[in-house]
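Chemist: The whole structure should be built from the sequences, with the hints applied where relevant.
Top line first, the protein sequences correspond to chains A and B. Just so you know, the numbering used here puts 22 at position 22 of the first sequence, and the rest follows in order with no gaps. Just so you know, the numbering used here puts 139 at position 139 of the second sequence, and the rest follows in order with no gaps.
Worth double-checking, as some hints may not be accurate.
Unchecked claim - Computed beta-carbon distance windows for the label pairs:
| no. | chain 1 | residue 1 | chain 2 | residue 2 | range |
| --- | --- | --- | --- | --- | --- |
| 1 | B | Arg21 | A | Glu155 | 45 to 55 Å |
| 2 | A | Glu113 | B | Glu46 | 39 to 49 Å |
| 3 | B | Gly188 | A | Arg54 | 48 to 58 Å |
If you are wondering where the hints come from, they were derived from the structure by calculation, not from laboratory data. Note that this is a predicted model, so its numbers are computed, not measured. Ideal placement from N, C-alpha and C gives every residue a C-beta, glycine not left out.
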Amino acid sequence: MIVIVDYSAGNLTSVKRALDYLAIPCTISSDPHKVLTAENIIFPGVGHAGSALRVLRERGLDAALKEAFGKGTPILGICLGAQIILSSSEETDLPCLDLIAGTCPRLALSDPELKIPHMGWDSIILRKPHPVLRGIAPDDEFYFVHSFHPRPRSEGDILAVCDYGIAFPAAIGRGNLIATQFHPEKSGAAGLRLLTDFAKWDGAPC
Amino acid sequence: MGRRAVLSKRIISCLDVRDGRLAKSVKFVDTRDIGDPAATARNYYEEGIDELVLYDITASSDNRAIMIDVVSAVAARIFIPFSVGGGLRTVEDCTRVRLAGAEKINLNTAAVADPTLLTQASKALGSQAVVLSMDVLAVPASPQTPSGYEIVTHGGRVRTGLDAIAWARKGMELGAGELVVNSIDADGTREGYELRLTRMIAEAVSIPVIASGGGGTPQHLYDVLTEGRADAALVASILHFGEYTIREIKEYLRKRGVKVRMV
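Modeler: Rendered as structure tokens:
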């Protein structure tokens, strides 16, 4: 059973709808115990990093996520869930979860033609093979909505990049954790393939 | 590299829904006419549409609740962003369609009547979820409407006196994350989008602009996505009558150098 972490941050039900459509068993929960005992965890999120972190802390979900990560539970972070897993974010002064070392800067674009938020369909370039990304074809595009992006300290944690004036990390990962800045649940067939591959993943990076 | 770092241009299909059914049935190349919004949405999804708009044109407020069922049914079957418009008057209305599975909400007449609704909705849902739809009529330029374009409501029957450019800027400042620019003059003609209007608005704001009204051929889409500087084009009859498939339109655009998502 996949547990979708509920911390009142947006797109939980769209993730659940996509998994229901794929007949992948899942439940939405804000119970730290359920998160700790989950087979797989999806950590979605839309909204402000600061308020998200406060809710996670109030519900004891920050500690549960750290412990689940430490004991090898496969975790998929999505959007805000790909940002607050880093050490810090420019969107908030609160410390982030620090599952992957790094930060989340605001998209800094020099081309005035490029709008922020980066909202819409874009292609990604794979940097490293990963079991959860193996179904992605070069032509596939994904749906993005964001103004900040993850920047892991180690290049080795970058799995894919997206070229939007700057090449920013679109998918990052370390061990049993993978996270996408884009929304697989809103990215058509390519996104559903990614969710299917995540559901099958045992947490080993390669 | 040769590839410019731009987003793909979006092709968005609009479905008018009345009392839970399509207002006009949609003809697909290889299927029967169908009036079910969710089945039609699914067809477009499979053909590669990038986004969808469901527009509630139900006249009686008694039947408005049906729309929530339509939104849920669509959300269970398509996995791309879609928005809902028509009949949304309050933040509670907006939140309800969002919870039912819509990514974005479209405000039109209600935003003209009460512009603060844009701010309330963007605070509640985030500005990326708030789309301001504008119905625009070409008028003689005047001190009140210096751009020569005026905002109208009720399908063009009610003039508001608002200048289209000023309203677009104000909408953005109040919290809209995206604009639909619907030309009342071009709507239904199938002779092409209003390029001048679309370009003027696109150059006046820093949020995405969706062109609407007049699309009849792939060339029309090409024109508005290049010369008209639109980020997306709304299509209705060009698809509904089965003359062109989404794939054909996108292949045409791609051949002419427009970045589009191929499925």
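Chemist: Now look at each hint and say whether the structure bears it out.
Modeler: Consistency of the hints with the structure:
The hinted window of 45 to 55 Å between B:Arg21 and A:Glu155 holds, with their beta carbons roughly 54 Å apart. A hinted range of 39 to 49 Å for the beta carbons of A:Glu113 and B:Glu46 is inconsistent with their spacing of about 32 Å. Between B:Gly188 and A:Arg54 the Cβ separation comes to about 50 Å, which falls inside the hinted range of 48 to 58 Å.
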